[in-house]
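Novice: One letter stands for each residue in the lines below.
2 protein chains.
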Amino acid sequence: MSHTTVGKYLVARLEQAGLKHVFGVPGDYVLRFYDELIASNMQVIGTCTEIGAGYAADAYARVNGLGCVCVTYCVGGLNVINAIAGAYAEKAPVVVLCGSPGVSERKRSSLVHHQVRDFHTQLEIYTKVTEAAVALEDAAEAPRLIDQTIATCLRTKRPVFIEIPRDMVDTPCAMPHALAPATPHSDAAALKEAVNEAAEMLRKAKRPAILAGVEIHRFGLQQSLVKLVEHSGFPVAATVLGKSVISEVHPQYAGVFSGAISPPGVRQTLEGADALLVLGAFMTDLNLGMWTAKLDESRTINADSQRVMIRHHQYQHIDLGHFIEGLCKTKLHNGPRPRKSVSKASSKPPAAAKPYRARPAKALTVKRAFQRINELLEESNVVICDVGDSMFSGTELVIRRRTEFLSPAYYASMGYAIPAALGAQIRDRKLRPIVFVGDGAFQMTCQELSTIARHGLHPIVFVLNNKGYTTERVIHDGPYNDIHNWGYHLWPGVLGAGWGCEVFTEGELEIALQQATDNRSSLSVINLHIDPMDHSQTLDRMGKRILPARPRK
Amino acid sequence: MSHTTVGKYLVARLEQAGLKHVFGVPGDYVLRFYDELIASNMQVIGTCTEIGAGYAADAYARVNGLGCVCVTYCVGGLNVINAIAGAYAEKAPVVVLCGSPGVSERKRSSLVHHQVRDFHTQLEIYTKVTEAAVALEDAAEAPRLIDQTIATCLRTKRPVFIEIPRDMVDTPCAMPHALAPATPHSDAAALKEAVNEAAEMLRKAKRPAILAGVEIHRFGLQQSLVKLVEHSGFPVAATVLGKSVISEVHPQYAGVFSGAISPPGVRQTLEGADALLVLGAFMTDLNLGMWTAKLDESRTINADSQRVMIRHHQYQHIDLGHFIEGLCKTKLHNGPRPRKSVSKASSKPPAAAKPYRARPAKALTVKRAFQRINELLEESNVVICDVGDSMFSGTELVIRRRTEFLSPAYYASMGYAIPAALGAQIRDRKLRPIVFVGDGAFQMTCQELSTIARHGLHPIVFVLNNKGYTTERVIHDGPYNDIHNWGYHLWPGVLGAGWGCEVFTEGELEIALQQATDNRSSLSVINLHIDPMDHSQTLDRMGKRILPARPRK
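Protein sequences, first through last, are from chains H and P.
Residues 1 to 553 in my numbering are what the first sequence lists, from first letter to last.
Residues 1 to 553 in my numbering are what the second sequence lists, from first letter to last.
Be a bit skeptical, because a hint or two may be false.
Put simply, identical chains are the same to the list, so a pair is met inside one copy or across any two.
[Stated by the list, open to error] Cut-off 30 Å, straight-line C-alpha distance, at most; resulting in silico cross-link-like pairs (BS3-like, lysine-lysine): (1) LYS294 <-> LYS107; (2) LYS329 <-> LYS227; (3) LYS367 <-> LYS8; (4) LYS430 <-> LYS107; (5) LYS367 <-> LYS294; (6) LYS467 <-> LYS20; (7) LYS107 <-> LYS544; (8) LYS430 <-> LYS367; (9) LYS8 <-> LYS544; (10) LYS354 <-> LYS544; (11) LYS107 <-> LYS8; (12) LYS467 <-> LYS362; (13) LYS467 <-> LYS367; (14) LYS430 <-> LYS20; (15) LYS430 <-> LYS204; (16) LYS362 <-> LYS329; (17) LYS192 <-> LYS331; (18) LYS227 <-> LYS8; (19) LYS294 <-> LYS206; (20) LYS20 <-> LYS206.
Since the hints were derived computationally from the structure, they do not count as laboratory data.
Computed from a prediction, not measured in an experiment: that's the story for all the values here.
Let the sequences and hints guide you as you build the complete structure.
Specialist: Right, here's the structure in full:
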């Protein structure tokens with residue numbers, strides 16, 4: 001039997017799984033493994049911070065189907081854990097690789113640098129935020145653990161954790177054998193019964209509708225969804241997290257549904273449906289408009305990657321893709337297929353409502369800025385929204401075919417957007433990120449603009465500078481919501497790369513957009529000065545649902 | 001029985017425990033509790049990031065005796081965890097307060113924003129990196145849990161975690177009763193036996209010595225230590241983590257001991273001792289020079305906050321302060337008390353070796369920069385060193401009486417220094433931080449310069465700009481050790497506050513130091529350009545011990 005090493009085995013499997021880039025910050029416990037990455041066909045993208053690497057890998061995973069971070073023991077692993085927790089919550093398949101003290105070193109002492117409590121503290125913590133967490137402490141077991149762990153990541157679309165003691169990198173182990181391709185499996189009888197029951201319920205309905213969630217994207221089911229939507233003729237809405245799983249210019253597209261926070265048309269279509277087919281959606285508070293959605297389970301078929309619920313009973317062992325394909329092959333109407341498309345006026349995102357004309361001297365508002373930037377979007381853009389009004393306003397943008405919309409709409413961790421722009425564009429340099437980030441979120445992970453500059457990427461970063469945490473001001477105000485003002489547009493000067501400017505008026509926005517779109521060689525940072533209390537209607541409705549505002553002294 | 005609320009009870013206990021400032025980033029689950037903090041006698045210091053709040057609270061705890069961060073659920077709690085892990089490893093008493101979904105909300109749904117897996121995921125994670133972790137989900141239990149948890153923090157000097165469901169803030173609970181002051185306790189018979197045995201061992205020795213560690217500082221035993229040092233007449237050294245627990249100009253002070261990495265004089269004094277009294281030191285790899293220290297257990301008395309080891313047997317239930325005081329009251333010599341002070345030439349930190357004279361046109365080196373800045377140090381400074389050559393060179397500085405030296409010398413988490421400067425100076429505005437930070441570490445937590453600017457603090461920040469991770473270059477080089485160069489001195493421009501400049505030569509350093517010391521109204525950032533491979537002798541010796549260097553292609 002021929003041999004390889006644990007380090008080379010791991011690298012080979014990551015390459016086979018489709019990774020082309022690995023994000024991370026090196027440290028002494030992981031330096032030897034970094035050499036293996038450098039020698040591989042994958043490119044190492046060194047970030048300024050581990051949390052930046054984590055968000056970048058999350059966005060990369062959303063675009064690529066698999067992402068990876070590689071960091072050092074504890075000081076690295078614990079600095080990236082919040083991004084991994086977000087990837088767990090929102091199902092982004094990220095492999096976390098982490099160096100650790102050598103197995104042989106551990107005999108010498110129990111107190112080594114970067115250690116918290118005992119050698120397994122970090123591993124135990126990671127079991128809480130991943131689908132699988134393993135330590136490669138035995139070369140005989142390592143191939144099996146590596147294969148199982150990566151397979152779990154790909155199957156569940158959730159993060160996994162692999163710890164590599166530094167003396168294991170060069171330890172011999174068995175060669176990788178050919179992997180059988182993972183194929184989704186369903187219980188044929190359960191699938192048939194569920195498809196038939198769902199189809200009958202849909203055939204009887206007078207006002208059926210579809211609500212599509214983010215799992216459609218994660219499991220690569222966008223084409224199946226379009227097929228089902230067109231086969232059925234039903235109107236289709238998306239959740240906030242699932243925004244862009246279907247082109248927003250599709251004639252049957254109704255808009256983003258989020259309970260009382262949604263535009264009236266889409267709300268009426270979804271809540272008025274007498275049979276609602278929910279596909280791959282997380283039924284979370286933000287996704288359902290802080291529980292304001294009035295969806296009656298008695299009229300709902302809710303299928304996701306874990307189970308199919310029809311009304312109040314549950315089917316298991318049914319693959320989501322098989323279920324959608326099954327519906328596509330079944331008659332879904334008693335009469336002829338409905339043909340009318342969704343009424344435009346009532347359902348389209350507000351940003352698209354009317355043509356924009358700049359009023360040059362007018363102070364800029366959030367609403368007007370998004371209306372204007374909406375007109376700029378092209379199919380080659382990926383729209384990335386950070387938490388807060390960047391996201392709430394972002395839901396009002398019209399995302400075209402093949403355009404992506406990335407936002408941490410469930411876990412809602414601030415600081416996601418700038419590193420996510422790095423992750424998304426490193427994977428596909430032709431995909432130009434349009435980034436919306438509040439000043440508070442910018443201050444959290446701004447340093448990854450450095451990594452963006454270093455690799456010559458060219459996102460356009462819009463900083464919604466309202467001098468504080470305006471989302472929180474709307475929810476519950478206090479002095480803690482104010483932050484220090486920065487010259488955000490001066491960042492390119494610090495980095496020695498890129499272009500920046502500040503904008504106070506609609507006229508200045510026109511000039512800035514022209515320059516930014518022309519600048520295709522480097523990053524652009526546009527500091528949009530917005531009144532501290534100015535915000536989108538969506539945020540206004542959302543804020544009131546999160547916590548009743550209390551009067552401040 | 002009169003009543004208060006859980007929120008007000010918690011605030012009252014934190015104030016009683018000596019807190020004057022709380023660091024953090026607000027979020028919706030913790031906004032109501034933030035109101036209680038605003039209404040209290042404590043000041044809320046809003047930071048840009050949670051990890052910044054964590055490091056600031058750690059440094060604050062080291063100066064004040066207790067620190068505190070207050071953050072929101074999961075996205076906040078998990079972003080600060082690495083700083084708390086470091087506080088656990090290095091014994092900094094920090095209380096982590098974290099808002100969470102209301103107990104009543106949890107009945108409505110199991111999927112709320114910021115949630116990872118289930119409602120207790122964050123709490124379970126925190127049990128791994130704290131001495132106590134509790135959730136205040138029951139108002140009847142809350143007073144007892146709060147009292148026990150804060151007491152544990154103060155007794156063990158390690159972090160604790162308190163989660164506050166947002167609907168508990170205003171829930172009534174019992175009034176706080178008077179707290180009996182916590183007094184350290186020893187088993188009197190064990191104490192007597194241990195003191196007598198140790199004293200006898202020391203009396204028989206010809207070349208006794210003392211090694212003092214960081215617990216002397218954490219448990220406020222600096223005066224007891226000086227008393228014992230002077231009572232005994234023995235030479236005293238400090239560990240790296242314990243540097244500055246005794247004034248470095250004390251005549252009996254031998255220097256920082258760290259095995260083969262130490263200057264020869266201090267190594268000879270400690271390793272040549274025929275009875276070594278170790279007090280409150282963590283016997284970790286970095287502290288002991290990557291295990292190069294030749295300390296014979298058969299000649300060692302090792303007392304810390306958890307136990308007293310004499311040779312190979314152990315005493316328990318002995319308070320470290322009682323043990324030191326006990327030795328002070330016992331005869332420690334058979335003959336007369338030795339009078340000679342430690343030989344200066346062999347033991348003093350290298351930075352103090354000879355008077356510095358600038359050679360204006362010479363390119364700056366790390367060694368010369370530290371020699372020069374060493375002359376600048378005053379008693380009103382606190383020296384704060386980040387991980388890497390900032391710390392290794394920093395050990396060579398001479399720290400005067402009442403001057404503090406702060407560095408994460410065991411957990412070694414990069415990015416500590418800038419937020420630590422915030423924490424230290426917020427506590428005592430007269431204490432001017434002298435901060436040494438590498439370019440890699442600067443890029444990790446630079447945004448907290450904003451919080452420093454906002455509060456009008458005036459640290460001098462020296463950025464050792466060697467264009468990468470030079471500590472790692474010395475240990476094990478590869479392309480991953482290079483980073484993007486920034487105009488670090490341009491940060492004051494972004495912030496609209498402070499002063500910055502860059503330095504290439506010794507002549508420019510003179511001008512920069514003059515301007516920075518004169519600038520007492522705002523922060524100064526000095527960008528020190530250093531050759532990528534230039535580093536201190538200490539790092540050179542250290543690097544070779546961490547991992548043998550491998551040739552790079």
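Novice: My question is about LYS192 and LYS331: at a cut-off of 30 Å on alpha-carbon distance, are they close within one copy, between copies, both, or neither?
Specialist: Result: close within a single copy only, 14 Å intra versus 90 Å inter.
Novice: Reference check for the pair LYS107 and LYS544, CA-CA at most 30 Å: within, between, both, or neither?
Specialist: Classified as between: cross-chain Cα gap 20 Å, same-chain 57 Å, threshold 30 Å.
Novice: Please work out whether the CA atoms of LYS430 and LYS107 approach to 30 Å or closer within one copy, between two copies, in both situations, or in neither?
Specialist: neither (51 Å within a copy, 46 Å between copies)
Novice: Given a CA cutoff of 30 Å, do LYS430 and LYS367 count as a within-copy pair, a between-copy pair, both, or neither?
Specialist: within (28 Å within a copy, 47 Å between copies)
Novice: Given identical chains, is LYS467 near LYS367, meaning Cα to Cα at most 30 Å, within a copy, between copies, both, or neither?
Specialist: This pair counts as within: shortest intra-copy Cα distance 17 Å, inter-copy 42 Å.
Novice: Is it within, between, both or neither when you check LYS367 against LYS8 at 30 Å Cα-Cα?
Specialist: neither (52 Å within a copy, 40 Å between copies)
Novice: What label fits LYS294 with LYS107 when the C-alpha limit is 30 Å: within, between, both, or neither?
Specialist: The answer is between: 18 Å across copies meets 30 Å, while 60 Å in one copy does not.
Novice: If the cutoff is 30 Å on CA atoms, where do LYS227 and LYS8 land: within, between, both or neither? Let me know, please.
Specialist: neither (42 Å within a copy, 58 Å between copies)
Novice: Could you place LYS107 and LYS8 in one of the four classes (within, between, both, neither) given a Cα distance threshold of 30 Å?
Specialist: Classified as within: same-chain Cα gap 25 Å, cross-chain 48 Å, threshold 30 Å.
Novice: If the cut is 30 Å between Cα atoms, do LYS467 and LYS362 qualify within a copy, between copies, both or neither?
Specialist: Within. Shortest intra-copy distance 19 Å satisfies the 30 Å Cα cut-off; inter-copy 44 Å does not.
Novice: Is it within, between, both, or neither for LYS430 and LYS204, if the alpha carbons may be no more than 30 Å apart?
Specialist: This pair counts as neither: shortest intra-copy Cα distance 46 Å, inter-copy 78 Å.
Novice: Under a CA distance limit of 30 Å, which applies to LYS362 and LYS329: within one copy, between copies, both, or neither?
Specialist: neither (55 Å within a copy, 80 Å between copies)
Going through the hint list in order, the structure does not satisfy hints 3, 4, 15, 16, 18 and 20.
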